[in-house]
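A.B. asks: Using the hints, position chain B against chain A.
Chains as they are written, first to last, in my numbering: chain A, 450 to 1148; chain B, 16 to 94.
FYI, nobody ran anything at the bench for these hints, they're computed from the structure. What you are looking at is a predicted structure, and each value in this text was computed from that prediction instead of being measured. Each statement offered as a hint is correct.
Far from chain A by the CB rule (all over 10 Å, computed), these chain B residues:
no., residue
1, Glu17
2, Lys18
3, Thr21
4, Lys23
5, Glu24
6, Arg26
7, Arg32
8, Val59
9, Glu92
10, Leu93
11, Pro94
Simulated DEER-style distance windows between Cβ atoms:
no., chain 1, residue 1, chain 2, residue 2, range
12, A, Asn634, B, Val19, 39 to 49 Å
13, A, Phe923, B, Gly28, 31 to 41 Å
14, B, Glu72, A, Val638, 45 to 55 Å
Glycine included, C-beta positions come from ideal geometry on N, C-alpha and C.
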Amino acid sequence: MGNPNAGKTSLFNALTGARQKIGNYPGVTVEKISGDFTHEGDTFEVIDVPGLYSMTPVSNDETVAVKVLEGDPEPPKLVVYVLDASNLERNLFLFSQLAETHTNVVVALTLTDVLDKEGARLDLAKLSSHLGCEVVPVIAHKGIGVEALKEAMARALASPDELELDVGFPKVVMDAADRVVDHMNRRGVALGRREARCVLLDEQCTTSERFRGIPELWAVIEEERQTVLGASGQGRTLDAQARYAWAAKVKKDSITPPVERRRSGTEKIDYFLTHRVFGLLFFLGVMYAVFQSIYTLAGPLMDVIDAGKSAVADFVRPMLDGTPVLQSLVVDGIIEGVGSVIIFLPQIIILFFFISVLEGTGYLARAAFLMDRLLGWCGLNGRAFIPLLSSFACAIPGVMSARVMPDERSRIMTVLVAPLMSCSARLPVYVLLIGAVIEPRYGAAWAGFSLFAMHFVGLAVAIPVVLILNKGVFKGKRLPFMLELPKYQWPRWRDVFLTITSRAKVFLVTAGTIIFAMSVLIWALLYFPRGDNPRYEREYSSLSAARQETVSLEQFQELRQREESILGRFGKAIEPAFAPAGFDWRLTTAILAAFPAREVVVPAMGILFGTGGDVDEADEGLVSAIQRSQWPDGRPLMTPWTAMSLMVFFALCCQCMATLAAIKRETNSWKWAAFAFVYMTTLAYVFSVAIQQIGRLVS
Amino acid sequence: MEKVLTSKELRKGMKARVATVEEGEDPCTRLMELGLIPGTEFSVTKVAPLGDPIEIEMRGYKLCLRRTETECLRFVELP
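One chain only, chain B, in its complex shape:
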């Protein structure tokens, strides 16, 4: 069984895949529209000096998000 991570546990340089998305919360629809849907693979490219936000690279582009606003997502770390 793979370990399921929350956004707080993402570290710089980590590669991960979106495992689940909990629909119904406000920011979540938008995150899906931006391409964060179950199965999307990404890597964490930056973490801001103060720990938040983080920048991820997925689907050929990079996006900065707050850890606190991606709580509806769960991730699985990739090797």
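With the rest of the complex left out, here is chain A:
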């Protein structure tokens, strides 16, 4: 355990290597990272407890950390306290609290190399005697001290020793605590000196609850509180002052500061990178590079995966010719499902490469520092920038990267609005409809503008959503925004590699399983019940010759089969509900077919508008079919208002089960995934109906 940024994760990686397990603590979005290592024949299980600043938790992450330390589900046999030597005072504050919980502790002293560089000298023996336990200096990424730490851990486990630390509270406090203890003991109530002090100084001390309901005992405590605190009543200030006074003394005794303080390299770099002008320009440059890479680098890789999927399908298909149901299940259900999981890997790997490099160099924190004002006013914070930006390429890596945010509340809010950002899979719909309806009527300038504007629809809607979530859905404490800008350094490629592989693994195993299962389910909904091919053939032969030219018998049969499948019938059934939005059954069915993944909407429209499924958004046949399409009474279907209404529907609707699976994975609950689905789909419906109705009024 230790403060955030003390070097816990690096040390954990050095101890356990790749032998790590990532799970979740029950009921919260906090990840549980554990691993093991073997030392001289004994196996040690290690848990990487979330970083915390104090044993009085204010976030779920900290609550989890405190629970683990206090013995839930089982008391730790040994606590390795990671102490940042370059930030001794604040790191000792938490240590002073830990030292009161009667634990067996070994201190791993990190970042001593920073002290050396600054020219400060450290007296290890003095530090160790102040802390009352063994202190092992460790430089984890170089492997220095790791073996020594393992030995110290083995020793401490062999002969456990309870830490007993007295930070020296003012005499008036301890005298009052003694009087409270005496009083309670006389009444037969067991109470320790430490708990008594806690009750006196901190109104919210958990021990207080034992006495609050008993007036005669509570009166004694209240009286002593008066004696100690006087009129101010500021007990926590006293507590913090005592601990920091102790920490300052330990620091003074064990570290000799350098003679003169030089301006560090980090400060020189920061002069530019957090500068009003250069800082923002550099930031925009970095973000552009990240976004472009996800957008363009991933494309060819995804094409390769897609081609691979088709190759496998073509290879397998003939082998199952005898059993059409099995053939369709394997090819359209299973291979398609596996393919639709792997297809997201390039984007996830690229994004997490950038994130871990940015985090490793220390720039990620600067990005949050620069952007906090922009996002802070509506209840998010600067750290949400990268998840939201990457969601413009794809919401799945975006949702997954929200874990860079240490505070659960902002993390969930970011995860919930990330899918509103216009991802690259929505682009074909915009291009198709703008090309078919807006451009021929209003020219290229308006077409370009509408394409640009569509990318802001989701962002604009996200702001009120966050405001409402912030006020209405999330109750309770808001965390103060706290951020430390770490020193710049070269990224550790080993850590980058570990981050990427563990994220890819988590995605494949947890989100991937859900996506795969949903793919097979959707396949079944479109496959059953089997259609009546002879009847379709008769229907086909009664079509006009011109119609028959545009659509082959096979395509027609496929279309009719989909229409009469479970999903297709459902699409027909809900057509009246979408009439106010100006959508006919073809559009509703296309929308419905696109719920698992909006990528399929253009091929689906191809099938439904009779040009076959093998089309893309630039296909002229499809464009003209959309332009010519009519309602049964001859009114044109695709007016500019309908096109806009349909585009906004796609911009806002949650048509991506992979995103939902990622949300489930990251929030550790189906509740938030369902919430995202319901609120986005509702918004999409409301907005598209509103646009169509306004259009009707105007024209």
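C.D. replies: Only chain B this time, still in chain A's reference frame:
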């Protein structure tokens, strides 16, 4: 009598001392746990391009905070 400042009046490069902490508000306990207690001296090392947050250096480390979330603190400027 020294002039008492709020967090909105902190400027880049300024050195200051925490004068008082108003306990009882949520973020304040945390700020004290981080070392911002009466008597703590610090300097303002950075102000973000958009005016908030700011970075201060105290007790041998640097911390970024929002001006809006340090309203429970009062400061005195140091020469």
